[in-house]
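Chemist: So you can see what is in the structure, the chains are spelled out below.
Protein chains: 4
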Amino acid sequence: MAHARAMLDTYPGTFDFDSGELAEAIEALIGCATTCTQCADACLAEPSVADMTGCIRLDLDCADICGAMARVVSRQTDYDADVTRAMLLACIAVCSACAAECGQHGPHMEHCRICAEQCRRCEQACRTLLQAASS
Amino acid sequence: MAHARAMLDTYPGTFDFDSGELAEAIEALIGCATTCTQCADACLAEPSVADMTGCIRLDLDCADICGAMARVVSRQTDYDADVTRAMLLACIAVCSACAAECGQHGPHMEHCRICAEQCRRCEQACRTLLQAASS
Amino acid sequence: MAHARAMLDTYPGTFDFDSGELAEAIEALIGCATTCTQCADACLAEPSVADMTGCIRLDLDCADICGAMARVVSRQTDYDADVTRAMLLACIAVCSACAAECGQHGPHMEHCRICAEQCRRCEQACRTLLQAASS
Amino acid sequence: MAHARAMLDTYPGTFDFDSGELAEAIEALIGCATTCTQCADACLAEPSVADMTGCIRLDLDCADICGAMARVVSRQTDYDADVTRAMLLACIAVCSACAAECGQHGPHMEHCRICAEQCRRCEQACRTLLQAASS
Numbered sequence: 001m002a003h004a005r006a007m008l009d010t011y012p013g014t015f016d017f018d019s020g021e022l023a024e025a026i027e028a029l030i031g032c033a034t035t036c037t038q039c040a041d042a043c044l045a046e047p048s049v050a051d052m053t054g055c056i057r058l059d060l061d062c063a064d065i066c067g068a069m070a071r072v073v074s075r076q077t078d079y080d081a082d083v084t085r086a087m088l089l090a091c092i093a094v095c096s097a098c099a100a101e102c103g104q105h106g107p108h109m110e111h112c113r114i115c116a117e118q119c120r121r122c123e124q125a126c127r128t129l130l131q132a133a134s135s
Numbered sequence: 001m002a003h004a005r006a007m008l009d010t011y012p013g014t015f016d017f018d019s020g021e022l023a024e025a026i027e028a029l030i031g032c033a034t035t036c037t038q039c040a041d042a043c044l045a046e047p048s049v050a051d052m053t054g055c056i057r058l059d060l061d062c063a064d065i066c067g068a069m070a071r072v073v074s075r076q077t078d079y080d081a082d083v084t085r086a087m088l089l090a091c092i093a094v095c096s097a098c099a100a101e102c103g104q105h106g107p108h109m110e111h112c113r114i115c116a117e118q119c120r121r122c123e124q125a126c127r128t129l130l131q132a133a134s135s
Numbered sequence: 001m002a003h004a005r006a007m008l009d010t011y012p013g014t015f016d017f018d019s020g021e022l023a024e025a026i027e028a029l030i031g032c033a034t035t036c037t038q039c040a041d042a043c044l045a046e047p048s049v050a051d052m053t054g055c056i057r058l059d060l061d062c063a064d065i066c067g068a069m070a071r072v073v074s075r076q077t078d079y080d081a082d083v084t085r086a087m088l089l090a091c092i093a094v095c096s097a098c099a100a101e102c103g104q105h106g107p108h109m110e111h112c113r114i115c116a117e118q119c120r121r122c123e124q125a126c127r128t129l130l131q132a133a134s135s
Numbered sequence: 001m002a003h004a005r006a007m008l009d010t011y012p013g014t015f016d017f018d019s020g021e022l023a024e025a026i027e028a029l030i031g032c033a034t035t036c037t038q039c040a041d042a043c044l045a046e047p048s049v050a051d052m053t054g055c056i057r058l059d060l061d062c063a064d065i066c067g068a069m070a071r072v073v074s075r076q077t078d079y080d081a082d083v084t085r086a087m088l089l090a091c092i093a094v095c096s097a098c099a100a101e102c103g104q105h106g107p108h109m110e111h112c113r114i115c116a117e118q119c120r121r122c123e124q125a126c127r128t129l130l131q132a133a134s135s
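Protein chains in written order, with our numbering: chain A, 1 to 135; chain B, 1 to 135; chain C, 1 to 135; chain D, 1 to 135.
To be clear, the hints were calculated from the coordinates, so they are not data collected in a lab.
Some hints could be false.
Coverage of chain C stretches by chain D, computed from C-beta distances (three or more under 8 Å per stretch; other residues unrestricted) [to be verified]:
{"hint": "1", "stretch": "18-26"}
{"hint": "2", "stretch": "43-53"}
To give a feel for the contact side, a few chain A residues facing chain C, derived at Cβ under 7 Å [claimed, not checked]:
{"hint": "3", "residue": "3"}
{"hint": "4", "residue": "44"}
{"hint": "5", "residue": "49"}
{"hint": "6", "residue": "50"}
Every residue, glycine too, gets a C-beta built ideally from N, C-alpha and C.
Please model the complete structure; the sequences and the hints are all you need to start from.
Modeler: Have a look at this one:
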């Protein structure tokens, strides 16, 4: 995923963010989406799956929302600040909710502990971009 | 797509929206995502593609965001109002921007005219759900 | 979803399929992807969720694969027959597997009965396109 | 993305692949999907966009197909060999086509050069998994 940054350096136009912050956001969003997909599947394989439905549901939402956002911020052509800001807020909402839910299971389920970590990293990267998109 | 409604009627739990409004939102989101994917491709086939890059970019974003939202609202288990509201606002932002952009090309490009219509229908369905999610 | 057909009629180039068969495939793929997302969520809300993990997993795969295929066949610009055929075969494989799995639960779970129906309709639409793509 | 591997190590069941090969496939698929999304956007920003429509279309297909496959192989619960094999073949087809197309532009467009590299890496990782899934 040094590739996200390498690709930003080849973009033939100009863009509206610091390329280091943007590359970190792309990497964090993709990492979060993938980890959430894996965490939902691991929850499904737990003997206690009946107690994990809230976690599975948030994992699936977080994977979908962060996956869509990774695509949106991978595009620089004809940037729209309003759309970017609204989606960053949606990512922050779902990462925060998923981190809280997975965080509860973290002490006894390692997949939830790692997933909560990835969600918090992604939330932070989105907050950093949001600040840049609002100035 | 009467199927979205038929499936809602089989859901084994309870849900937090009027099933008619929810089915209309799912249908509008899917219709919008598909139409935007088709519109981006039609723009790409236009001789004037160099003038359509802003439209293609918004079409792609709108397809990604509305496609993700269609999945989120198709889930009723362990509903999270904060996540739903934030994603509805993101859909409203991108549908509004895409309708405005496609609307400009509508008079001479039929695919953009239909796409603007679908974006406005989707924006309206999301506003209706947002009101329900905020009460 | 008469919109998929209406959009095909506005495409500024030529395309490689009968527009009626193509519109039916787009509609069937989107309907299948959405129904599978709803079925996975309904399974998650069943008291017997621990017995439904195989069904949930296939529903999620089917939603992802048919959702991706809906986007691929919504594009007509610079059509690639090899890619289209390979993805049609993947859709046929997952729709067939998901219809078989959901079909087993159909007699006592209405969401699985409807989902199996949608998977079979989608499998058929993909077989029709595959025949056209192979000639 | 050492995270994909770390998550595999926490999976509460057993799985059907070597975890190193599986982690490399997940990483390659996500890297390819993201790079293709960025390459499509960079092509859209090129002054010669009218000559890049074939490349943009393949980039978009490759992002959708590899993105869907990344989700499918991130799931281990109730593994289906037929579905996995068919999707691996679809990924190989689109990565091969996209690498060939981007490879043509690589000598004068750095984003296409990097994208072709990522597509070839992804094709190779899928071939490795396919061999394991067929034995």
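Chemist: How about residue 49 (chain A): closest beta carbon in chain C under 7 Å, or not?
Modeler: Result: holds, 5 Å to nearest chain C Cβ.
Chemist: Does the nearest C-beta of chain C fall within a distance shorter than 7 Å of the C-beta of residue 44 (chain A)?
Modeler: 5 Å, holds
Chemist: With a C-beta cutoff of 8 Å, work out whether three or more residues of the stretch 18-26 of chain C approach chain D closely enough for the coverage to hold.
Modeler: Not satisfied, violated; 0 residues make the cut.
Chemist: May I ask you to test the interface hint for residue 50 (chain A) with respect to chain C, counting a Cβ-Cβ separation under 7 Å as satisfied?
Modeler: Holds. Min distance 5 Å.
Chemist: Would the stated hint for residue 3 (chain A) survive a check requiring a Cβ distance to chain C of less than 7 Å?
Modeler: Violated - the Cβ of residue 3 (chain A) stays beyond 7 Å from chain C, reaching only about 21 Å at its closest.
Chemist: With a Cβ-Cβ cutoff of 8 Å, does the stretch 43-53 of chain C contain at least three residues near chain D?
Modeler: With 1 residues close enough to chain D, the hint is violated.
Of the hints listed earlier, those the structure fails to meet are numbers 1, 2, 3, in rising order.
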